[in-house]
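K.L.:
Below, each chain spelled out in residue letters.
4 protein chains.
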Amino acid sequence: MDLTPDDAARSVAERTRAFVRDTVLAVEREHRGSAHALPEQVRLDLQAAARQAGVFCPHLPPRWGGLGIDRRGQALVFEEAGYSLFGPLALNIAAPDEGNMHLLAAVADPEQQERYLRPLAAGLIRSCFAMTEPAPGAGSDPSALATTARPVPGGWVLNGRKWFTTGADGAAFAIVMARTSGQPGDRGGATMFLVDTDVPGLELVRTIETLDEAMVGGHGELVLQDCFVPADRVLGAVDQGFDNAQVRLAPARLTHCMRWLGLARHAQDIALDRAAGRRAFGSALADLGMIQQMLADSEIEIEASRALILRAAWELDSGGRAAQSTSVAKAFVAEAVWRIVDRSLQICGSLGVSGDLMLGRYLREVRPFRIYDGPSETHRWAISRRAVKRRVQERDAAVRGALPA
Amino acid sequence: MDLTPDDAARSVAERTRAFVRDTVLAVEREHRGSAHALPEQVRLDLQAAARQAGVFCPHLPPRWGGLGIDRRGQALVFEEAGYSLFGPLALNIAAPDEGNMHLLAAVADPEQQERYLRPLAAGLIRSCFAMTEPAPGAGSDPSALATTARPVPGGWVLNGRKWFTTGADGAAFAIVMARTSGQPGDRGGATMFLVDTDVPGLELVRTIETLDEAMVGGHGELVLQDCFVPADRVLGAVDQGFDNAQVRLAPARLTHCMRWLGLARHAQDIALDRAAGRRAFGSALADLGMIQQMLADSEIEIEASRALILRAAWELDSGGRAAQSTSVAKAFVAEAVWRIVDRSLQICGSLGVSGDLMLGRYLREVRPFRIYDGPSETHRWAISRRAVKRRVQERDAAVRGALPA
Amino acid sequence: MDLTPDDAARSVAERTRAFVRDTVLAVEREHRGSAHALPEQVRLDLQAAARQAGVFCPHLPPRWGGLGIDRRGQALVFEEAGYSLFGPLALNIAAPDEGNMHLLAAVADPEQQERYLRPLAAGLIRSCFAMTEPAPGAGSDPSALATTARPVPGGWVLNGRKWFTTGADGAAFAIVMARTSGQPGDRGGATMFLVDTDVPGLELVRTIETLDEAMVGGHGELVLQDCFVPADRVLGAVDQGFDNAQVRLAPARLTHCMRWLGLARHAQDIALDRAAGRRAFGSALADLGMIQQMLADSEIEIEASRALILRAAWELDSGGRAAQSTSVAKAFVAEAVWRIVDRSLQICGSLGVSGDLMLGRYLREVRPFRIYDGPSETHRWAISRRAVKRRVQERDAAVRGALPA
Amino acid sequence: MDLTPDDAARSVAERTRAFVRDTVLAVEREHRGSAHALPEQVRLDLQAAARQAGVFCPHLPPRWGGLGIDRRGQALVFEEAGYSLFGPLALNIAAPDEGNMHLLAAVADPEQQERYLRPLAAGLIRSCFAMTEPAPGAGSDPSALATTARPVPGGWVLNGRKWFTTGADGAAFAIVMARTSGQPGDRGGATMFLVDTDVPGLELVRTIETLDEAMVGGHGELVLQDCFVPADRVLGAVDQGFDNAQVRLAPARLTHCMRWLGLARHAQDIALDRAAGRRAFGSALADLGMIQQMLADSEIEIEASRALILRAAWELDSGGRAAQSTSVAKAFVAEAVWRIVDRSLQICGSLGVSGDLMLGRYLREVRPFRIYDGPSETHRWAISRRAVKRRVQERDAAVRGALPA
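Protein chains in written order, with my numbering: chain A, 249 to 653; chain B, 249 to 653; chain C, 249 to 653; chain D, 249 to 653.
Hint data in this document are derived by calculation from the structure and do not stem from the laboratory. As the structure is a prediction and not an experimental result, all values here were calculated from the model. Any given hint could be a false lead.
Computed list of lysine to aspartate or glutamate pairs in DMTMM-like fashion (alpha-carbon distance at most 25 Å, straight line) [what the hints assert, rightly or not]:
#	chain 1	residue 1	chain 2	residue 2
1	D	LYS637	D	ASP491
2	A	LYS637	D	ASP517
3	B	LYS637	B	ASP434
4	D	LYS637	A	GLU262
5	D	LYS637	A	ASP270
6	A	LYS637	D	ASP521
7	B	LYS637	A	ASP535
8	C	LYS637	C	ASP389
9	D	LYS637	A	ASP545
10	B	LYS637	C	ASP545
11	C	LYS637	B	GLU262
12	B	LYS637	C	ASP517
Just a few of them, taken from the derived set where beta-carbon distance is under 10 Å, the chain C residues facing chain B [claimed, not checked]:
#	residue
13	LEU251
14	GLY321
15	GLN516
16	ASP521
17	ILE539
18	ILE548
19	ALA552
20	SER553
21	SER573
22	GLU625
23	ALA635
Where a beta carbon is used, it is the ideal one built from N, C-alpha and C, also for glycine.
Based on the sequences and whatever the hints tell you, model everything.
P.N.:
Here it is as structure tokens:
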């Protein structure tokens with residue numbers, strides 16, 4: 249039960265901290281934090297700089313060119329990267345690529361790994377994850393999956409519509425979730441497919457206008473129309489799509505928390521600078537009780553967020569599924585970072601809503617995090633169900649005399 | 249103590265309701281709710297349509313072409329207008345023009361009224377109100393006023409910098425607050441000037457990029473450099489600027505509440521539509537408890553907002569200054585509408601953060617209202633001070649035997 | 249739309265204010281705010297004093313010895329009475345008697361009125377309202393009603409168990425809700441009976457220990473075992489029990505709000521006194537921002553509570569059922585008064601949790617109000633349902649071309 | 249960075265869990281959770297049982313008869329003990345004794361340790377800590393200390409008034425903080441004295457009636473009137489009282505968090521039992537969204553509390569002062585446990601406010617924790633100050649080129 253961080257992780261985190269402040273923030277500012285249409289060269293330059301700084305691809309094992317930092321270490325590094333909206337991109341740990349790399353490393357076969365994971369890890373290409381569908385399809389309830397994959401000689405034919413496919417514009421391939429058996433509403437019957445984005449039958453019909461704009465490639469709407477996918481592009485096994493999704497889901501929501509916590513800390517730093525430097529009603533802002541309350545609440549929530557993230561990361565590193573602990577972290581952190589950025593903006597007053605600071609942009613970026621990767625309500629539903637189940641089991645065990653309840 | 253609305257006001261409110269839904273919402277949608285650079289013709293067309301619909305300029309007395317609706321009646325009408333971001337513009341009751349008309353009607357001399365109020369009431373021109381200054385100038389603490397007006401033969405010479413001057417771009421004139429005596433920090437010594445925007449020495453140096461974009465003409469930054477203003481352009485009397493500001497302040501913050509409440513209701517309607525129509529986890533959203541809780545909280549806050557607005561409007565109509573009641577309404581409503589729009593967006597999920605609905609835009613619009621017209625913290629400070637003072641007076645009266653405490 | 253209070257009501261309210269502070273608070277203090285076992289003589293003395301002060305029974309028409317104040321006027325008077333836990337008792341407007349008088353005045357036949365309402369209005373006897381049952385019976389869901397009334401020659405025989413029957417100990421009669429047709433879960437089939445508490449078959453098995461203790465007679469648990477009730481003791485008509493309950497329900501929950509708002513104001517006054525008089529960290533408490541924020545939040549919530557109460561009272565006076573507006577008021581006010589008392593206690597620090605002030609007692613008293621008369625969750629469910637229904641109707645009307653939506 | 253709990257601690261925690269449920273809860277229930285006047289024999293019996301169960305005095309080193317569990321381990325054990333209001337008493341880890349033992353172990357001289365710590369650790373006697381004074385003395389601002397100690401031949405003479413001295417009634421000795429130099433308001437000049445409670449000049453004038461009642465011996469008000477204390481009863485050094493207080497303060501507030509978290513978990517278990525077993529509106533409570541939301545919020549806050557406690561405990565074990573991390577934990581946990589117990593009570597409805605469950609009692613117990621050991625506002629003030637200071641140092645370092653800011 250030692251919380252002292254790992255030396256290697258600490259060192260990468262420190263380098264990341266310097267790199268983000270020295271190099272990345274200026275690029276973020278230049279593009280006003282908007283990456284929906286970021287020139288590819290900006291991405292490549294940022295990643296080259298990260299490689300130079302010794303912080304590129306910290307999360308993957310060395311065999312894929314990574315630094316081999318475990319989840320607990322990632323908590324440190326990703327938070328430092330997230331201090332800028334463009335930091336995760338620079339380190340090649342942005343969503344959805346980071347989650348996709350983890351998934352490919354875990355369930356892809358060697359050939360698939362060479363074809364897709366290798367260049368993705370190197371930052372040569374980008375990817376997307378096509379799971380969410382417009383209502384009444386798969387959204388907060390994945391079992392509503394409506395996109396279908398029909399077996400044909402040599403492979404499968406996919407039909408359906410996906411949206412909020414982050415990073416779709418410019419992605420080299422998509423991981424597409426489609427139903428290979430059962431009906432929408434069934435809790436099984438899904439399969440994942442690796443689909444090159446230049447194949448016939450897959451079309452990016454639009455990039456959705458969204459409140460957030462910091463994800464490279466935006467959030468795309470894809471139409472699959474009789475799209476043929478060869479048999480060797482099934483990721484993992486047929487009908488194992490929901491299980492695969494679990495492999496990706498818990499860690500992906502946790503790394504989101506890590507990155508957004510970094511941004512919340514940045515917002516808090518901006519507010520602290522303002523509070524230390526600005527005077528009102530004859531006092532420094534930092535001496536006004538209502539400002540102190542906001543600053544303290546944000547400090548408390550930053551610490552609580554970090555502690556919950558570390559707890560869940562440890563469980564993942566220990567081989568646990570961490571379904572409950574990552575849900576708890578996600579529900580708490582998504583709302584905490586929202587409040588933190590909101591308070592920071594409030595402390596900065598008119599300046600806070602102006603483009604002279606980046607807080608308005610940050611506020612826009614963190615808002616959807618309460619919806620993406622499972623809305624807070626869905627997580628609360630799941631958390632509650634598991635809590636009730638745990639308690640019923642405790643009582644049953646007590647009745648059987650095994651344990652006190 | 250009869251709360252039945254006035255017939256005339258009710259009738260205008262009903263017409264406004266129909267007009268906004270039939271005519272205004274489509275224009276709002278076409279321009280994505282952004283009016284920072286709205287073509288002048290769009291404004292003129294909307295106002296012509298409002299005139300046609302019999303809802304134009306409801307707030308002014310008939311002698312200025314208005315419908316003579318009192319503050320309580322305005323509560324109904326402005327809320328209906330605010331159902332669209334462009335509704336207030338169409339009815340010519342948008343900030344800052346609406347507040348400026350009220351101020352001019354109350355303190356301008358007849359000549360000034362003919363020159364400025366007449367065309368403003370007719371929608372022929374727009375205006376702005378230049379009071380806020382960058383730190384350390386006048387912001388939430390007006391006494392920090394740093395812009396100066398120096399007497400010269402035939403008038404005054406103004407120097408200073410103003411920002412967050414709403415509607416500056418395209419305004420025909422500005423009401424400029426400048427210090428004619430005393431030092432920044434003094435609670436008196438300010439004077440208001442009517443300044444044509446085309447005079448030498450007044451420059452719009454930029455329109456500030458802001459989170460909100462629904463105010464025509466945006467939020468400008470103005471520089472006054474040896475700007476000469478003739479003596480007859482003093483509004484009210486010299487050194488009475490802060491008193492004039494009081495005339496404008498309380499009603500202006502209340503009409504803001506009325507308008508934003510309309511927008512909150514619109515957001516709630518969007519959420520109700522979604523909840524009634526969408527299914528998740530086998531239930532209509534409207535049957536899910538967490539959704540019901542959000543919908544109910546918004547209903548409650550809409551009712552509380554409306555009740556507080558009506559209470560303060562009645563006090564203004566009764567000739568009261570309504571300093572406390574408008575502060576209470578402003579602090580509550582600004583935060584309530586923020587929560588209401590935020591909940592509506594949450595209920596709509598991914599769709600809510602997308603441009604397919606207007607909720608992301610609405611969220612951006614209502615955020616600054618917690619800062620503009622006095623940040624919530626400043627209002628709370630004032631509310632608390634008045635409460636303590638009232639209680640001390642009650643106790644003093646009790647000690648003197650006058651009243652029980 | 250005039251909010252000026254009625255002269256008669258204002259005058260009674262002012263007298264009530266003086267009476268409560270001069271006479272009632274000392275009695276409350278002497279008994280530590282606990283009335284579960286208050287000597288009958290204390291009640292009679294308080295009511296005699298109220299009669300003397302001209303504030304007794306303000307809510308009933310003169311024919312029942314009352315002052316004929318309408319609901320809007322009651323909002324003023326009841327709030328002043330509620331400034332002390334014992335004020336409502338003194339004025340004979342405490343729950344459940346106040347609601348029972350209203351019900352009897354509305355639906356009892358003349359003979360029943362003479363027998364039950366007359367002495368109740370005069371304060372000669374007390375009453376109780378036996379509706380709530382232990383799980384799985386009637387609680388937040390009244391349709392679960394399990395107590396039965398079986399017709400027998402000359403009347404009915406009642407069987408069942410009631411609890412949280414406020415005021416049971418010492419009550420002269422109970423209004424008992426029992427099922428005369430249908431099954432638990434059915435939305436109809438209930439009847440109200442006037443049952444003298446000294447009849448065979450009705451037993452008060454215990455007075456429940458509760459967090460609150462300010463209701464005279466406490467909260468009783470009653471058992472009805474083959475309890476015979478004559479036919480002429482049916483209140484209203486057979487099988488009309490749920491309709492009768494509606495007559496009582498909405499006003500009763502609103503008068504609760506009025507009374508508790510008075511207590512919240514008292515708590516706020518205690519906090520204001522403390523803030524004005526106490527120093528910490530070199531400042532008066534009232535000059536510390538975090539204290540100001542708490543005081544201001546309480547001011548805001550007191551105003552919002554009062555405005556919502558007035559709104560609903562007006563609807564009742566206008567003959568409306570006020571189902572939605574009283575639910576909205578109840579849900580908001582119950583939580584607001586809880587927060588207000590909690591803040592006041594926090595401002596007073598250690599003193600606040602000590603018996604040297606009454607705030608700990610007040611906190612205990614207001615807590616159950618979030619559960620009694622419908623838990624906040626049940627009200628939110630109902631509010632949400634009505635909002636969805638209203639919106640669907642608006643849209644349907646729009647589709648039919650009748651109205652814009 | 250390994251969060252796996254220590255084997256020894258885990259084993260004691262498991263035994264504590266069983267012991268509390270098998271033995272302690274029944275005693276708590278019998279005495280309705282009130283310990284202000286608990287018979288001494290009950291305490292002795294509980295402690296004998298704890299010794300029997302192998303869980304007595306887990307926090308002290310073996311030389312004082314303890315189990316030598318470090319702070320991180322205590323987080324597990326104390327939480328299990330806190331599952332019952334009487335658990336900490338049974339294990340001899342209740343406030344204020346637990347904090348006093350820690351203080352004596354750290355700063356008392358060997359003779360003092362034998363005289364005071366030895367019997368205290370064995371549960372033979374109880375103690376109290378007399379620091380807080382009525383206004384305007386030492387409260388949330390310790391520097392306001394007004395009690396004086398005047399040097400006389402052979403010792404000191406103490407004069408002053410202390411209150412909220414927990415455990416005073418029945419304590420064998422008090423640790424009294426008195427001013428040996430300077431004036432109220434000075435940040436130094438305090439000394440701690442070990443005072444036997446049976447000496448002349450020390451009088452327990454009353455036990456204060458408080459909302460909470462679970463502390464054995466209650467909260468006493470002590471008067472020191474020319475109370476002579478021998479020179480060898482100075483604890484630590486003269487004028488080092490505030491430094492000594494720091495030794496006690498941070499750990500003491502953290503162990504409070506651990507214990508109260510246990511009680512919050514118990515409240516949550518009661519709510520989970522209720523939700524799993526009770527039906528309303530045709531559903532199990534556990535299937536209703538608003539109930540799920542409350543249960544989930546409590547789960548989240550339990551996890552966040554535990555994570556913050558563990559974080560601070562690790563810092564203490566590592567030799568840090570943990571001023572910020574224990575303040576963060578205290579501010580968060582005190583409010584979280586309050587909300588958790590409040591939600592549990594709400595979920596249980598009428599039953600929750602009744603004495604049939606212990607939730608009303610638990611609610612009363614946790615309320616003062618937001619005030620005792622520093623009100624939330626004082627902690628927020630301190631947290632904010634440290635955050636601003638940290639940020640200013642970061643920026644200064646950045647300006648000097650040392651680090652990025």
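K.L.:
Take the hints in turn and mark each one as holding or not.
P.N.:
Structure-based check of all given hints:
1. LYS637(D) x ASP491(D): holds (21 Å)
2. LYS637(A) x ASP517(D): Roughly 11 Å between the alpha carbons, so the hint for LYS637(A) and ASP517(D) holds.
3. LYS637(B) x ASP434(B): holds (22 Å)
4. LYS637(D) x GLU262(A): The hint holds at about 21 Å.
5. LYS637(D) x ASP270(A): holds (23 Å)
6. LYS637(A) x ASP521(D): holds (10 Å)
7. LYS637(B) x ASP535(A): Given pair LYS637(B), ASP535(A) holds - Cα atoms ~23 Å apart, limit 25 Å.
8. LYS637(C) x ASP389(C): holds (20 Å)
9. LYS637(D) x ASP545(A): holds (16 Å)
10. LYS637(B) x ASP545(C): holds (16 Å)
11. LYS637(C) x GLU262(B): holds (21 Å)
12. LYS637(B) x ASP517(C): Satisfied, since the Cα-Cα distance of roughly 11 Å is no more than 25 Å.
13. LEU251: Check passed: Cβ of LEU251(C) comes within 4 Å of chain B, closer than 10 Å.
14. GLY321: Check passed: Cβ of GLY321(C) comes within 8 Å of chain B, closer than 10 Å.
15. GLN516: Because about 8 Å separates GLN516(C) from the closest Cβ in chain B, which is inside the 10 Å limit, the hint holds.
16. ASP521: holds (7 Å)
17. ILE539: holds (8 Å)
18. ILE548: Holds - the Cβ of ILE548(C) comes within 10 Å of chain B, reaching about 5 Å at its closest.
19. ALA552: holds (4 Å)
20. SER553: Holds: closest Cβ of chain B sits about 8 Å from SER553(C), inside 10 Å.
21. SER573: Since chain B brings a Cβ to about 7 Å from SER573(C), closer than 10 Å, the hint holds.
22. GLU625: At about 8 Å, which falls below the 10 Å cut-off, the nearest Cβ of chain B leaves the hint on GLU625(C) intact, so it holds.
23. ALA635: holds (5 Å)
Going down the numbered hints, you'll see the structure goes against none, and every one checks out.
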